[in-house]
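A.B. asks: Next come the chains, spelled out residue by residue.
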Amino acid sequence: MQLRTYIIRRVLLLIPVLVGVSLFIFGITMSFSPTQRAMLYIQDAKQMDALDTIIRQYGLDRPFVIQYGTWLGQVLRGNLGYSKIVSKPVWNAIWYFLPATLELAIFACPLIILLGIFFGTKAAAHKDKPIDHATRVAAILGWSLPLFWLGLILIMVFYGFFRGLLPPDRLSLQMDLLVNSAAFTRYTHINTLDAILNLNGAVLLDALRHLVLPVVTLSVTHMAFIMRIMRSSMLESLGKGYILTARAKGLDERVVVGKHARRNALIPVLTVSGYLFAGLAGGMVITETIFNYTGIGWWAWMSAVNLDIPSVLGFALFSAVLFVLVNLVVDILYTRVDPRVRLGGGVQ
Amino acid sequence: MSKRFARMGWVVMIAVLVVALGILPACGGEGEGEGGPIPYKNDGMFVEETIGLGETADPAAAYDTSAGELIDYVYDFLIDYNYTSSDTFAPNLATSWVWNDTAFTWTFTMRTGVMFQEGGNLTPEDVEYSFERTMIYNRGGGPQWMLFEPLLGCDDYIELVPGMPDEPTDQELIDAFALVDPTVEVAGNTVVFTMVDAAWKLIFLQTIANSWGAILDKEWCVAQGEWNGTAEDVPNHYMVPDGTTYLWDHMNGTGPWKLLEYTPTQNKVQNWTGYWGDPPPFGYIVTKKVTEWTTRKAALLAGDADYVDVPRMYIHELDNITDLNAISGLPQLSVEGFFMVLNISPTSPYIGSGTLDGNGIPGNFFNDTNVRKGFCYAFDYAKFLAEAMLGEGIQPGSPIVQGLYGYNASSPKYSLCLTLAKTLLQTTPTFGNLSTVGFKFIMMYNAGNLVRKAACEILQTNLLAIDPKFQVSIIPMDWKTGILPLIKTKLATCYQIGWGADYPHAANFVVPFMRSTGVFAKYQSYGYPALDAKIDAALTEPDPATQLAKYSEISQIFYDDAPGFMTVQPLGRRYFTKYISGFYFNPMIPGNVGPLYYMSKSAS
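Sequences listed follow chains A and B, in order. Position in the first sequence (from 1) plus 820 gives the number in this note's numbering. Position in the second sequence (from 1) plus 322 gives the number in this note's numbering.
Hints in this document: simulated from the structure, not taken from any laboratory. Given the structure is predicted, the values throughout are model-derived calculations rather than measurements. Even for Gly, the Cβ is constructed at its ideal location relative to N, Cα and C. A portion of the hints provided could be inaccurate.
Partner residues aside, some chain A positions facing chain B, computed with beta carbon under 8 angstroms [unchecked claim]:
| # | residue |
| --- | --- |
| 1 | Gln856 |
| 2 | Lys866 |
| 3 | Ile874 |
| 4 | Gln877 |
| 5 | Leu880 |
| 6 | Asp881 |
| 7 | Asn899 |
| 8 | Tyr902 |
| 9 | Pro988 |
| 10 | Asn1000 |
| 11 | Leu1090 |
| 12 | Thr1091 |
| 13 | Asn1112 |
| 14 | Leu1127 |
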């Protein structure tokens, strides 16, 4: 099967996935009564009298099929609904919050995957040696730390105790005023990238300073997973006959490990990286909330706790699309890592 | 070799733990260990970190105090509260105001030479437009009822014409505007508001000194596609969905600060150089939404925030930090209490068997006055204030709390008396001796609210102490999706609820809790015609001394009827860094902070 056909097929597969996800979430939210769902629109108990009006105004008491049909019809016209929690259309909210999350992912994902692969390889190549023990300890520590706990501790230490050394948020107040002024052009709303494009070192440094804690929090917990998978996969590869052959041929150990063993050991890592990405989205929710790093995760959290159904649905659809696309990329990468793999045709 | 290094892993782990144990107590401990003095940062700016931002910037839709805070920065009202007073006023956009006792009108003379931030001139027509726009918007759950009541004697646009359906036609909306229009009229350089009767003389002034009294620029609003001020355009702007008005997230006022940024995560305002009054003390005010307490606390200690919201359960974490200016004991115009539903729905899953057989209660359980009074005497008010409120509260006797017009300090209050409670519960007119078989039901509180949980536990423990057969279970529930719908459908049994002032008058607290049509009383099935008449009479009483006496009588009725019992009028706190000064307390100033226009920030 041609790569293009494969991609088209996978993208088309998105349609039933999205319908399924939206039906599932819509179905769950329908278990709440119209009154419960109307509660989103009031701030205070004193507004209780308005609930009947709100239910009528937003059609919350209509049958499931009609409400879902109305929502689906709007989605097909490009309208994902209105995010009450941030007072924006859902589509606008996604675009508004996406750059922050993207920026976090740009820094966290390579760190997690590359360092995970690097230390996993080192640990396997030096089995039962100091580096293996050290990475094992680090992995156990990292994997066993609850994300929210680690985030809070890092804030307490590096922001509270050391008086603003590594702050939360995305930018300091002065830099925030600067980037929103006429003197600065916001090309992407990814602060580090915009700072580079504006040739502004102060904004770049400030943005990086604000990224340290959330990136570390995300990386510590997720890197441990990749590291351990990589180590065990490498150990398996290193025990294979072709490695023995390579060594017998007198190849340099770095070539044996780096070229022959690691490349074959990457397949399981690639597989789990796709799932890790989904896990990372969950981690983003917690990390962004703790560090007030206002991205999609922060928005999702706010929407969920306030039962903002259009926002929750929007986030779920966004996550589903992302998950499917990431797995598609992973599948394509298989063919690059392992020449035996043929898309749609299994292993040669 | 490898065994030696295997042990090294443990050494590393232990080393990390030792370092962590050394640093962490210092981070969460007392003042000296908090990492040194709070640095002075962001000169000329005031940074507030809060748990929530306002829902909208539109004065016709905003009904929460955070929104009111932003509106207060950018817009001006006709009058302001006079310093700490709740019933005297200072000029703002109106320079003087006169009451007409026969026509029931307030006439406001307008300040001249005032400009809007986008360039327009303030005119009396702007005032008329602003108030009428709030009424025709008629947002579900919005603030317009506070204008409808004094000006038109109803709560809602669709109540203007008897028989108007819930979903009126365009023509019905247009016709009804004929009633709204004459209530606010321009006469030369004055604006005349006509009340339905003299009862609203004070309340109207108290009402309009808040965000729903903000003055808009009519011409600018019309140019942005807002209501054009005519009857024909009313249907296009009546009950429009949230977020669809231009003013929802855009502002143009005459106030000291101009909106710079309005986002879901923070608001920024910048001082406006064209302001008609003295220049404001802060170049910028930044209000950030930070939901995590640890993050807010760290920002305060790092000097990045000048003020943060501090939940009561965490106040001890800020003890002994000398660089903070902690102001406490501020009597808020709010009240909390326990309320018993007099007519619980028989389908309620929280009344057990639904009969008085030892495994439940009947729906009319709390309809018995002795039962309700027994509960009132079974609550330990002193313990609750000391332990749950950490000493930061006053026990009110009725909904009319200290600071409200109509408050009487000598109104009776319940106190803990288990003997009396036992006697009452064993001699109920409806059910006889409750100790015979006992009762069992479920009481709910909002999950995460430790104060309300503690109140439930105090009541539960004391009822059990009276008789082991008096069993109350407690369950936590989400406030919005759990408890409020139960209250509305009369499935709740006994619950706690609070109320904050819209305007500082006894009427604003008595009506919701005690009038049969009140938003809480009606779902509690409390209230009766004779009491409604007394409440109405107190409101319309022209003589202040007689009016106060009538409100005292209403407080006494609350005590005698005991539809519930008030647990606390909370005392508020403010935590500023030591660089902030000038704070004074008026509970009616919108928002969480205080009178920022009169405050300042200085490194010295």
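A.B. asks: Please go over all the hints and tell whether each is borne out by the structure.
C.D. replies: Here is what the structure says about each hint:
With a cut of 8 angstroms, the hint placing glutamine 856 (chain A) at the interface with chain B holds, because the nearest CB-to-CB distance is about 4 angstroms. Given hint, lysine 866 (chain A) at the interface with chain B, holds; its Cβ is 6 angstroms from that chain's nearest Cβ, closer than 8 angstroms. For isoleucine 874 (chain A), the interface hint holds, since its Cβ comes within 8 angstroms of a Cβ in chain B; the closest pair sits about 5 angstroms apart. Hint status for glutamine 877 (chain A) relative to chain B: holds, with the closest Cβ pair at about 6 angstroms, below 8 angstroms.
For leucine 880 (chain A), the suggested interface contact is broken, since its CB lies about 12 angstroms from the closest CB of chain B, more than 8 angstroms. Among the interface hints, the one on aspartate 881 (chain A) is violated; its C-beta lies about 13 angstroms from the nearest C-beta in chain B, farther than the 8 angstroms criterion. The beta carbon of asparagine 899 (chain A) is not positioned within 8 angstroms of any beta carbon in chain B (closest approach about 12 angstroms), and the interface hint is therefore violated. Because the beta carbon of tyrosine 902 (chain A) sits about 6 angstroms from the nearest beta carbon in chain B, less than 8 angstroms, this interface hint is met.
For proline 988 (chain A), the suggested interface contact is upheld, since its CB lies about 5 angstroms from the closest CB of chain B, less than 8 angstroms. Interface hint status for asparagine 1000 (chain A): upheld, as the beta-carbon distance to the closest one in chain B is roughly 6 angstroms, under 8 angstroms. Taken as an interface hint, leucine 1090 (chain A) does not check out: its beta carbon lies about 29 angstroms from the nearest beta carbon of chain B, beyond 8 angstroms. With a least beta-carbon distance of about 28 angstroms to chain B, the hint placing threonine 1091 (chain A) at the interface is violated under the 8 angstroms criterion.
For asparagine 1112 (chain A), the interface hint holds, since its Cβ comes within 8 angstroms of a Cβ in chain B; the closest pair sits about 5 angstroms apart. Residue-level restraint check for leucine 1127 (chain A) holds (minimum Cβ-Cβ distance to chain B is 6 angstroms; threshold 8 angstroms).
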